[in-house]
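Visitor: As you go down the protein sequences, you meet chains P and U in turn. Following this note's numbering, the numbering of the first sequence begins with 1 at its first residue and continues without gaps. Following this note's numbering, the numbering of the second sequence begins with 1001 at its first residue and continues without gaps.
Bear in mind the hints are in silico, worked out from the structure with no lab data behind them. Keep in mind that the hints are not guaranteed to be accurate.
[As the list claims (entries may be wrong)] Taking lysine-lysine and the DSS-like style, the derived pairs with C-alpha atoms no more than 27 angstroms apart in a straight line are:
1. K4/P x K1131/U
2. K1403/U x K67/P
3. K1377/U x K22/P
4. K1442/U x K235/P
5. K1442/U x K63/P
6. K70/P x K1403/U
7. K1473/U x K4/P
8. K1481/U x K67/P
9. K233/P x K1442/U
10. K70/P x K1377/U
11. K4/P x K1442/U
[As the list claims (entries may be wrong)] Chain P regions said to be covered by chain U (calculated; three or more residues, Cβ under 8 angstroms):
12. 11 to 21
13. 114 to 121
Positions of the beta carbon are idealized from the N, C-alpha and C atoms, including for glycine.
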Amino acid sequence: MAFKIASSPHVSTSLHTNTVMKRVAFCLIPGIAVQSYYFGFGTLVQILLAVSVAYLAEAAVMKLRNKNIKATLSDNSALVTACLLAVAIPSLAPWWLIVIGTLFAIVIVKQLYGGLGNNVFNPAMAAYVLLLISFPVQMTSWVAPQTIAMNHASLLTSVQTIFEINQSFAAEYFRLGIDGIAMATPLDTLKTDLSMGLTTTESLAKPIFSGLAAEGWFGVNLAYLVGGLVMLKLKVIRWHISVAIIASLFVCASFGFLVSPDTFVSPLMHLFSGGTMLAAFFIATDPVTAATSPRGRLIFGAMIGVLIYLIRTFGGYPDAVAFAVLLANMCAPFIDYYVRPRSYGHRTGK
Amino acid sequence: MLTLLEQLDKGTLWQSPGGIHPPQLKTLSNQSTIARLPLAHRFVVPVPLVGEQAVLTVAVGDQVLKGQMLTEGTGFTYLPVHAPTSGRVVAIEQHATNHPSSLPTLSCVIEADGQNAWCELIPHSLEQLSKNQILDKIKNAGIAGMGGAAFPTHVKLNPASEINLVIINGVECEPYISSDDRLMRDYSDEILKGIAVIHHLLNPQRIIIAIEDNKPEAAKAMQDAVQRSTLPAGIIRVTVIPTKYPSGGEKQLIQIITGKEVPSGHIPAQLGIVVHNVGTAYAIQEAVYQGKPLIERVVTLTGEQIGQPGNYWLPIGTTINDALQAVSFNPSAAQKVIVGGPMMGYALADLDVPILKGTNCLLAPSAHEIAPDVDEKACIRCGECAVACPALLLPQQLFWHAKAEEYDKAASFNLKDCIECGCCSYVCPSDIPLVEYYRVAKSALKIEAEEKRQAEQAKVRFEARIQRLEDEKNAREAKAKEAAAKRQSNMKSTDKDAVAAAMARIAAKKAQATSSTVSPEAPQTTVDPKKAAVNAAIERAKAKKAAKANTVSRANELDTSSAEVSVDDKQAKIAAAVARAKAKKAAQANTESTVQTPNPAETEVAGTEPTADAVDDKKARVAAAVAKAKAKKLAQAGQTDDSAVEAEPTTDAVDDKKARVAAAVAKAKAKKLAQVGQTDNTAVEAEPTTDAVDDKKARVAAAVAKAKAKKLAQVGQTDNTAVEAEPTTDAVDDKKARIAAAVAKAKAKKMVQASQIDIGEAASQPTVSVESTADIAPDAALTVTADSADLSPEQIKKAKVAAAVAKAKAKQLAKRAEQEEQ
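Here chain P stands alone, though its shape is the one from the complex (with noise of 0.2 angstroms):
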């Protein structure tokens, strides 16, 4: 009889990409878990809506591809791509809002450059960048935390507000805080504030900071910590570029607070708040647009820890984690070219 031939070798672990995204996923669930809590159902209905529409997205450009459907959307990348840009948008931003991102990150940003392991930027910041300049009010307008709130949205007012079905029960009602004003992040809060005059000791005294970081977002930040970490000890992800943000931004915030501690916030608001947890572990460790050598890694982190830091401080935008990831997209190649390990048996990288 003929036997089978094939390459060595002929073991291989289990651990698939698929597996891998699952995790991911997975991993994102005390996250998703805590946000739901302070800022109502609205999150889980964008994630619904999100991970629907971008595995119709991708299922429909693999049909115009003549690719196999089954196997492109088995690799669950899709399901990741949609979750971190569900969770990053305002959990009652109307559905239009996540339709465009995820259609524009699943099409556009990641499809058409070639689809998963291909695409030059990570597809869920290229998508939030999109809609935060195209749509800078919708993307801004967060509910208040339900600790603080006067209001909280039920699960059925909350898909009534996303699909805006019954304008009169008025969205605004939610969307905008207990007084009638839009409710910004802390972060958003906390410049205008600075931008005002006021100290960060009197902008960190209003409500929507509770202690020494903002309500509600400290939670949240910390339970994607945890997912972080849970990640690293699943080795799905490798802790380079999750320390090196960190750790830049940490001594870059050090830093700012040493010097004048009134216009610089301290290093723990910028660690837990906005979204440096969820970055530095879910959205910079993208292993497609990151770099790939253990200490190209670590440049790439530090590099969006510093660019995280002086956009929020010095730039015009509260939040800066999407543009600090895609600006370190652009250079991941560069990196990866110039930082070469040593080989075996060789003196230097090259």
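Starting from the structure of chain P, add chain U where the hints point.
Guide: For chain U alone, coordinates are given in the frame of chain P:
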């Protein structure tokens, strides 16, 4: 800071980068001692390199005994092949071999007779043999590295550099394989005896037996054996290393044991380290102490599809089919049979292939033991491959470039340092067969390099051919011109024609030498026959100059000055001779590195011109004829110096008719000689022709030549010897002798400097030396006559003519000598 030896003694271990921890699965096969299977009936022993490096020592139909040599080779690295059992050679044919390609190779098929009778074995002890005899025994036993690479062991045991550390590799890091494990457990003392041979041959400072910590029994057995062994205490130790694939790789093991990296493209011996497999140590011991060649080895037969997995002594040449059948192999659908382990082994399509010296395992896994066939998915650049790579490469970049067929870029990421261990493929979440991509890329690079090499060779060949064709073409053209010139000279018979013919011939020769044509200048010279001759001579001189032409200015001036003078018949001819001489001198000057000599020579010539008036008609013609003969000879002559020698004296002072006759004769002889060959005798033969030479002159010339010859020969050694030549000139006419002698002395010195004839040449080419010196004498005479008023006009005339002629000859000869030297 501890030294390396201290650290080795302490058992310090270093970290090898990357690596993986696949399931070991060794217990499947390592539970029982090494067993033997019933003798197979048919053995296939590949005899590679027969016809290239080796010859067969058996023929079809021969009876062979177990251990009998089947091939005999000459190469240093050639390993002979032995019969695995006694029986009959039934075929020597192309047979599929144990290789991923299964390509057929010449194999000796032996039908066992069941006797299994050994050939005569010659046991020895170490003391009985010299190191070279031991190495010969190991070579003749056909021992190759048993770890898989099968590199000839005697080569590694005879390194060019000193070996400080020998590592005995008992790591066996591949999953499933346990042949070394069992060998160490069951034959630890024999392995130690083999190690003792290695120690005897290499005399290293330390020997480390490295064993992974998943083989505690083997480590224990080896430890005990070390204690029992007779090796000097403190030299050898067993070092247990952590289990990690691929720690058993040579480079990785060296890194773990010593912390050193083998530089890329080098071998461990350059670090003073050599690594041998435990199986090799066992085989060395068998070969040296018992005289047994390597005809069997331990093979792990394992996998869930094998009924009795375990380790077995299998004769090399046993077919895999026979081996597997003997252990109840039960193939499943889509069964893979892997030679080697699951990480680096290759799957076979055909099982009728033999066990080889490097075959340590046959794996017949069930479907769930190995990775299912899955399609390659997109690389997500996760970088896990880079983390796993023990060679610290960037497998993902290599893959990227290999897939895009940008092989040069892949090479720039050190593709050649890939050891194909399979770690990257193992960890790849996208199921990309990375190693396969690298193999393809490596092959492509190899082919590319080979093609480049061949293209370069072809280019060299092509250029050589173009050059050859060009040379042949030039030679043909020159020959044609020469023939034309000769025809012309044969048709006419007047004196002037003879001169003209000579000139034409010379021109032809020059054309040959320079590839430039002289003919365009010829039409200008057509006034009366006399002037024609003058002009022709001038033209000739010019042509020569032009040909040589690096720095012609001085020679040019001389030419024009001589051309402008409205000379009569006689003068013309003298002038011609003079011009020729000058031209030659000038030409020589250009080619010489020392420019000093030609300058005085030329000024001398210029000074003599006015006094040349008195030379009579006949002599001028004689000179011309002589020049002609000379020129011809010289030109023909790459051929022989001798021919020049003969012709010269012939014509020296004969009258008109005789001169022509002599010239013709000389010409003929020169040709003959050129064709016939270059014997020293020819010089002798030519001498009789000098009988016709005028008495006095002959004597003078002969004496001078003799003197010069001596001088020249001596001058090579010392300048003072020039003086010695003087007495020999006594017999010559008083005045001439004095002048000639003085001049000759001076000239000889000059000439020695000028023509740069070194001692070696003077000795090896006596004819040339004599010739040139003889020529120099009259040349010098010419110089001196200008100011020595006491000489008769007759003498002066003769001297000058002779001088001019001789000078020309001298230059030519000197030049030629120089060329030959080059």
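Visitor: Would you pick out the hints that fail for this structure and give their numbers low to high?
Guide: When the structure is compared with the hints, numbers 1, 4, 5, 7, 8, 9 turn out to be violated.
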